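Residue numbers (this note's numbering), protein chains in the order written: chain A, 1 to 164; chain B, 1 to 302.
Because the hints were derived from the structure by calculation, they are not lab data. Just so you know, these numbers come straight off a predicted model, no measurement behind them. One or more of the hints may lead you astray.
Computed cross-link-like contacts, PhoX-like style, restricted to lysine-lysine with a CA-CA straight-line distance of at most 25 Å [what the hints assert, rightly or not]:
no. : chain 1 : residue 1 : chain 2 : residue 2
1   : B       : Lys19     : A       : Lys43
2   : A       : Lys69     : B       : Lys264
3   : B       : Lys21     : B       : Lys264
4   : B       : Lys187    : A       : Lys50
5   : A       : Lys21     : B       : Lys240
Take a look at the letters that make up each chain.
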Amino acid sequence: MPAGHGQRARTRDLFARPFRKKGPTHLSTYLRIYKIGEYVDVKVNGSIHKGMPHKFYHGRTGRVWNVTKRAIGVEVNKQVGNRIIKKRIHVRVEHVQPSRCHEEVLLRIKKNDQLKAEAKAQGKIISTKRKPEGPKPGFMVEGATLETVTPIPYDVVNDLKGGY
Amino acid sequence: MAFVKAQKSKAYFKRFQVKYKRRREGKTDYRARIRLINQDKNKYNTPKYRFVVRFSNRDIVAQIVSASITGDMVMAAAYAHELPRYGLEVGLTNYAAAYCTGLLLARRVLKKLEMDEEYQGNLEATGEDYSVEPAESRRPFRALLDVGLIKTTTGNRVFGALKGALDGGLDIPHSDKRFAGFSKDSKQLDVDVHRKYIYGGHVSSYMTTLIEDEPEKYQSHFSLYVKKGLEPDNLEELYKKVHAAIRADPTAKKSEKQPPKEHKRYNLKKLTYEERKAKLIERLNALNAAAGADEDEDEDDE
């Protein structure tokens, strides 16, 4: 029989639930709210058969562009040939998790806003730009002892003893 | 198959997946819970309230609950053990008491939201199907009935509490199919029968039957009723008074008990290293003393 290229082809392991996590899904999946513009990870929950994305999107991260009654519209990048297309899919909330990829940026924005407000209050000018790690500063080597190592001359007699 | 060694090996336990805690305790039906809690995503943070009714052997709990990731938030609660405050001292888990508890909860919630003037509900409990009409300014308070794990048969006390809440002014989607007095043959709610149940008529008729046929059983079964001086005929007006008292002042009373300063410990406190060593020395001493006193005097395990 031929291989078959249906929608869920080759997803036996991909869509399987993890070990000892089968059965009902926990309630926080349904209690999360998603707003347009947030980043979400698409991760298929094999026990919920409705609203599953295609296996290509499993593991992709995208932005929310639409919110409906039970599903989220996610805009995901897909490489088609020589270009990347932004594809819009609708996925049920069980197959979606909030992504932490953007969390660091949001925290930094908050912190920078706070720093800027404080600097403004004090009248100082600060730069909130991130700086990459520079080269390490120079230092004096402490507690070093000198040991001179010289090669010893080759001794034929002693070396052959162990060999043959 | 009788002689097969029934063993749960280490491998069995390694692969065993426990059910959710509340499922193991047999308290929550997650299938129903998911469907009750699930809010439309395009309604974002709008809470979805559940009208939770649970019965214990001697009490009724009615709550308005909304779900959140940190845990369910109870907006208002009413218990049957509060009914003595309104004049009902006995029969706290019957259909009539359930009606009173539902009514108390509804009035309490509406008072909390300052909607109690607009939504008076059904002032006269007639037993017929009553649904709240939306008023001009605000829409009625909507909740969904959460029965838990009970069997929803016609005439269950849960639906008594439901009727109480409906008459109190809450908007709970329902049908009259499961109220006491609905007959399957005619597919209609017999309003008089339902009214009888709301006012404890079924209890009164049983009381009169027992008084005539088995007075000793009546004394033992309805001893508390007898002690309070409640006759079968007084029950209806007693419940009418309770309903009026509930509508007059539904606010919850704060209990005078102070919360305990330190929490009661439910598990044993872990011993320190010294304490454990000391315990071991004690045990060994006791063992050696029991075995033979003379030579094991200083055989402490240092």
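Hint-by-hint comparison with the structure:
1. For the proposed pair Lys19(B) and Lys43(A), the alpha carbon gap of about 23 Å is at most 25 Å, so the pair holds.
2. The suggested pairing of Lys69(A) with Lys264(B) is violated, with an alpha-carbon distance near 45 Å, which exceeds 25 Å.
3. For the hint pairing Lys21(B) with Lys264(B), the CA-to-CA distance comes to about 23 Å; that is within 25 Å, so the pair holds.
4. Straight-line distance between C-alpha atoms of Lys187(B) and Lys50(A) comes to about 37 Å, which puts the hinted pair past the 25 Å bound.
5. With a CA separation close to 53 Å, the supplied pair Lys21(A) and Lys240(B) exceeds the 25 Å bound.
Hint compliance for this structure: hints 2, 4, 5 are not met, and every other hint is.
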